[in-house]
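Numbering (the numbering used here), first residue to last: 29 to 75.
Simulated from the structure, these hints should not be mistaken for laboratory data.
Hints may contain errors.
[Claimed, not checked] Here are the simulated distance ranges between beta carbons:
#1 41 x 69: 34 to 40 Å
#2 55 x 30: 16 to 22 Å
#3 33 x 70: 30 to 36 Å
#4 29 x 69: 35 to 41 Å
#5 72 x 45: 33 to 39 Å
#6 64 x 29: 38 to 44 Å
#7 38 x 67: 26 to 32 Å
#8 55 x 32: 14 to 20 Å
Each residue gets a CB set at the ideal place from its N, CA and C atoms; glycine is no exception.
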Amino acid sequence: MPVVLHLFDTAQGKVVPFEPREPGKVSMYVCGPTVYGPPHLGHGRFS
29 MPVVLHLFDT AQGKVVPFEP REPGKVSMYV CGPTVYGPPH LGHGRFS
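Please work from the sequences and hints to get the whole structure.
Rendered as structure tokens:
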């Protein structure tokens, strides 16, 4: 039985099942460091 990942879609305002655009491939966009806390080594990870 396949496992279904559900995420909250802020545009729709509800929880929806995740469906990748390309079957079998998932990627993640990270837009930058967290600026509301002190800097740490983890901030350099995505540079």
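How the hints compare with the structure:
1. Here the CB-CB span from residue 41 to residue 69 is close to 36 Å, well matched to the stated 34 to 40 Å.
2. At roughly 20 Å, the beta-carbon separation of residue 55 and residue 30 lies within the given 16 to 22 Å, and the hint holds.
3. With their beta carbons about 24 Å apart, residue 33 and residue 70 fall outside the hinted range of 30 to 36 Å.
4. Evaluation of the 35 to 41 Å hint for residue 29 and residue 69 yields a pass: the beta carbon distance comes to about 40 Å.
5. Look at residue 72 against residue 45: about 34 Å separates their beta carbons, and that is inside 33 to 39 Å.
6. Between residue 64 and residue 29 the beta carbons are some 41 Å apart, a value that agrees with the proposed interval 38 to 44 Å.
7. At about 28 Å, the beta-carbon gap between residue 38 and residue 67 stays in the expected band of 26 to 32 Å.
8. Take residue 55 and residue 32: their Cβ atoms lie about 19 Å apart, and the range 14 to 20 Å holds.
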